[in-house]
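Once you have looked at the hints, place chain R on chain Z.
Protein chains in written order, with numbering that gives the first Met the number 0: chain Z, 0 to 662; chain R, 0 to 57.
Some hints could be false.
[Unchecked claim] Just the calculated beta-carbon pair ranges, DEER-fashion:
| id | chain 1 | residue 1 | chain 2 | residue 2 | range |
| --- | --- | --- | --- | --- | --- |
| 1 | R | Leu47 | Z | Leu293 | 34 to 42 Å |
| 2 | Z | Asn277 | R | Lys46 | 44 to 52 Å |
| 3 | R | Lys45 | Z | Asp65 | 49 to 57 Å |
| 4 | R | Lys45 | Z | Ala164 | 42 to 50 Å |
No lab work stands behind these hints: they were computed from the structure.
Cβ coordinates follow ideal geometry from the N, Cα and C atoms, glycine included.
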Amino acid sequence: MDVFKKKNSCHSSANGSTGAARKVALVGNPNVGKSVLFNALTGAYVTVSNYPGTSVEVSRGSATIDGGEYEIIDTPGMYSLLPITEEERVAREILLNESPDVVLHVLDARNLERMLTMTLQLIDAQLPVILVVNIMDEAERMGLSIDLELLREKLGIPVIGAATAKKRGLDEIRRAIASYRKGSHAVFGYSRRLEADIDSVASLIRGEYPLAKKSLALLLLQRDEEVTALVEQREGEGFPQIRERVKEKSFERRESFHLDLSMERKGIVKGLLDGVFNLPDKRVVTASERLSRLAVRPATGVPLLLVVLYFGLYKFVGDFGAGTLVDFLEGKLFEEMFNPWISGVVKGVVPWVAIQELFVGEYGVLTLGLRYAVGIILPIVATFFLFFSILEDSGYFPRLALLVDRIFKKIGLTGRAVIPMVLGFGCDTMATMVTRTLETVRERVLATLLLALAIPCSAQLGVILSLLSRAPGALLVWSLCLLLIFLVVGFAAARLVPGETPMFYMELPPMRLPQLSNVFTKTYTRMQWYFMEILPLFILASVLLWIGKLTNFFETAVETMSPAMAAIGLPKEVAVAFIFGFFRRDYGAAGLYDLQTNGLLDPRQLTVAAVTLTLFIPCVAQFLVMKKERGWRVAIMIGLFVSLLAFASGWLLNQFLLVTGIL
Amino acid sequence: MICGFCGYEFDESEGKRGCGGCPGGCHAVHCPRCNYKNPPEAAVIKKLKRIFHKGEKR
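Only chain Z is shown next, with the shape it has when bound in the complex (with noise of 0.2 Å):
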């Protein structure tokens, strides 16, 4: 078979194979801690390289074990010797192509009904097993009990139990590896019809595989693609019999063959759990999981959320982020020292006062721009972003998802407007384009417009709360009013875009302890990454000011918007802010920032201004995303209908507090 031969080829160059060295394989689902026995095994040298003619990544490593030389392969998930996806096909192609001296089936403890179909399926290959049953850890912490030896007699496989996470069981992975011999193993029967089937098919087959006969028989009655082509280029003039058998016996099964192997394996693995696999009488329950159900009860889960929001948006990231760092940055490092510095820098410089105006100006890309970017925005984004990265990492979102689900059916709020708009929260620019799935053009058009108008993206939220979090009046009305108005959307979004909610995740990782490289690797990539986004947005905003003034057009923009700050009863000033909102309301609200600092906002102004701000179009991004994928026509109507109804909706705000007086 041409694929076959070619990436063998190109594995001899590309492995780094020495040649002497015995191949070690390492295969199993995702997530069952194959990286980390990888890691633990393999030395300094690693190589991380696409497969050949895949962009799918394998790592490659070397191990002196026992004094002998050994090559470790991580291979990518897979669940079953048939692929579906490229990973598994990858995975399975250096099964077949490079021979492994051993295949260390790693699998997950708390799932060995599940995960042991696909051991049956490599013992059946006649591969070079051991299996390697991982996260015993938790597996005894929820009180299952497994019976290593009794597995082993029965797969007649060596059999180990780990945790190598907690570097428990390598030493026995490692003399296990060294002692390997291939010997004999287990044959697992099945149906008298299928074996015949099975037989049938393998009887005809006369070539050297890598695969057993019986193996082979099988995956080309699931008609696997690549192995009927391997086997049409080895068997030659015997192959238009194998395609016949193969044909007739593919059609008298032909609606359940699938299922009937798949009932069939379950069966056999039901049987070898017989007495290994022990349930306790009272299912423990783990901390993490006592903490997860908490965390998705409404009646404790509001609770854990307030106390998550308040020590960790109000205190960390208000607070200390919004505070102390700001007040440092922006207050010590840039107004007292690099500011009056750069300005008389520049003005030293360039003798042209409309040039100074460009650098230094009120509106400078460097004394408002930069000043911006990394006095204000900088400490908040960190601290912010180290927040979000701890609950990621945490697995708390999935189960805050589902919480807010579960609020929204209490409440009747179901629909399927309902996963665009909880994606909104993630970012709202992709979720406008996941409103296609939705059915009708009208639903794709109020899921937009819903989008656009009351769910601010994680990060723009988060910089909005935090600066408002020094007033805390202000914070407080701002949320029940966002809450408010999502509310009144939601149930808007329930009425015009009805029927089921569809399911949106599978099934829920489980809640662990942070882990710091993990939550400081994605902090700084999300910064790094924010600030790639808005420092050009930043810097041509700066530009565009800086123009604007020079022809007056700025000032006439502020003119001409002074009624409608007037209204919302706003300093003509904030226009700025919704000017600088217009590119991204994160930068709107920075400007906010700098001016309740200058003293020029109170706290009702600072929060009818923040709320209308909010209700804005998002940012730039999401309007050519809105154009894309609604028109042009429809885009410019949701944009201006928002707009309106942002101001509309401050106004009701800064009417409702001046006759009321609360702040």
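Quick look at chain R alone, frame taken from chain Z:
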């Protein structure tokens, strides 16, 4: 990489197909299963991981 929202493990290249909305291209890796916006691993982190011999996946 592993999705920070639903825990789905996927190859970074699978999630690189952005919606085309952001100027300058997509700076995120959207999960193929739930569309969650994951941060791509920064080049410097990748290099450090390789130096310190961390796997690409969990």
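Assessment of proposed distance window 44 to 52 Å (beta carbons of Asn277 (chain Z), Lys46 (chain R)): holds, 46 Å
Pairwise beta carbon distance, Leu47 (chain R) to Leu293 (chain Z), judged against the given window 34 to 42 Å: With Cβ atoms ~36 Å apart, the hint holds.
Range hint 42 to 50 Å (beta carbons of Lys45 (chain R) and Ala164 (chain Z)) holds or violated: For Lys45 (chain R) and Ala164 (chain Z) the Cβ distance comes to about 22 Å; the hint is violated.
Whether the CB-CB distance between Lys45 (chain R) and Asp65 (chain Z) falls inside 49 to 57 Å: Between Lys45 (chain R) and Asp65 (chain Z), where Cβ atoms are some 33 Å apart, the hint is violated.
Hints 3 and 4 from the list above are not met by this structure, while the remaining hints are.
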